[in-house]
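Colleague: Taking the hints into account, I'd like the entire structure generated from these sequences.
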Amino acid sequence: MNVINRRTLLQSGAIAASALVPGIALAQGRKPEFRLKLGTDLPASHSVNERLKEAIAAIAKETGGLVDIQLFPNNQLGSDSDMMSQLRSGALELATFPGTVMSTLIPATALTGAGFLFSGYDKVWAAMDGTVGNYIRASIEKVNIVPFTTVWDNGFRQITTSTKPIRTPEDLKNLKIRVPVVPLWVSMFKALGAAPASLPLSEAYQALQTKVADGQENPLALIESAKFYEVQKYCSLTNHSWDGFWFVANGRLWKSLPPDIQKVLTKHINAAAVKQREDIARANVDLQKQLEAKGLLFNTVDSSAFRKVLSDAGFYTQVKERFGAQAWSLLQPFVGDIA
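Going left to right, the sequence shown walks through residues 1 to 339 as full-length UniProt numbering numbers them.
It is possible that some hints are incorrect.
[Unchecked claim] Once the Cα atoms are required to be at most 30 Å apart in a straight line, the calculated DSBU-like pairs of lysine-lysine come out as: (1) 37 to 320; (2) 53 to 31; (3) 142 to 267; (4) 190 to 164; (5) 255 to 123; (6) 255 to 142; (7) 227 to 275.
No lab work stands behind these hints, which were simulated from the structure alone.
Modeller: Right under this line is the structure:
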């Protein structure tokens, strides 16, 4: 176990040398030296939040109570846009964001979210743990936000509706579908003929319940944890986009932390991300059966027809122009040629 070294503890004025045993700061009633808020947009029961809770406990234990991280799930601190503003200003120290949500500030983070790119997780993790992930991290750092190394899994996204299953692009015509506040996905669904409405995740259930929207799109894990099966009838396995969660820190805050504390946070957060990837991999095997038992009717989809519609509409040409030749060249080995 790595323990915060004596010099760091004395510099912080936290405790004397006798308190270098993990956990003794809390045992002696010492107050934490670093109180950090962590915001997410996911339901409390989502695997991201469950693994974050474990990481927070491990960090508190290893730092002897010096670090106290408070987790605020389910947009408790505001919409994604609100939390992004708070993170940049320093009012929020830590957060997780889907890459596509961050793209309103950092366009490169949406690179992997364009429609119907990846054929499976082998391609996703090869890209994100390699050159594509490195490129996106460098883009995030340019705005004084510190991205952690290991990307969390938001999953492949599927479409649910209350009106009819989605089998062909024609079924999307004029469909009122809730999408995140992500310009890339708004333009994608418009190119497919749908009528997308951008709403925060925390407002999606009510929008579906009140018929403001007839459908939505999310990974199966989120469809289950947000209980969308209560207000939707069909789930079409489109796999139309993959997106990851980035764990990020305010740049000024991160630089102010002692190196030993940075090391402990990095270790436990990245380890939690690996476990969360495994959670999603296991859950995907069972989630369809669980959701079927709760009333959702599933169908599979041939993605080639959807990709052709997007290509004919000029969507991929616009995407390439938006991200630039360098970014697209890094992505291409993992997704093949996109017309």
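Colleague: Any of the earlier hints contradicted here, and which numbers?
Modeller: 1, 5
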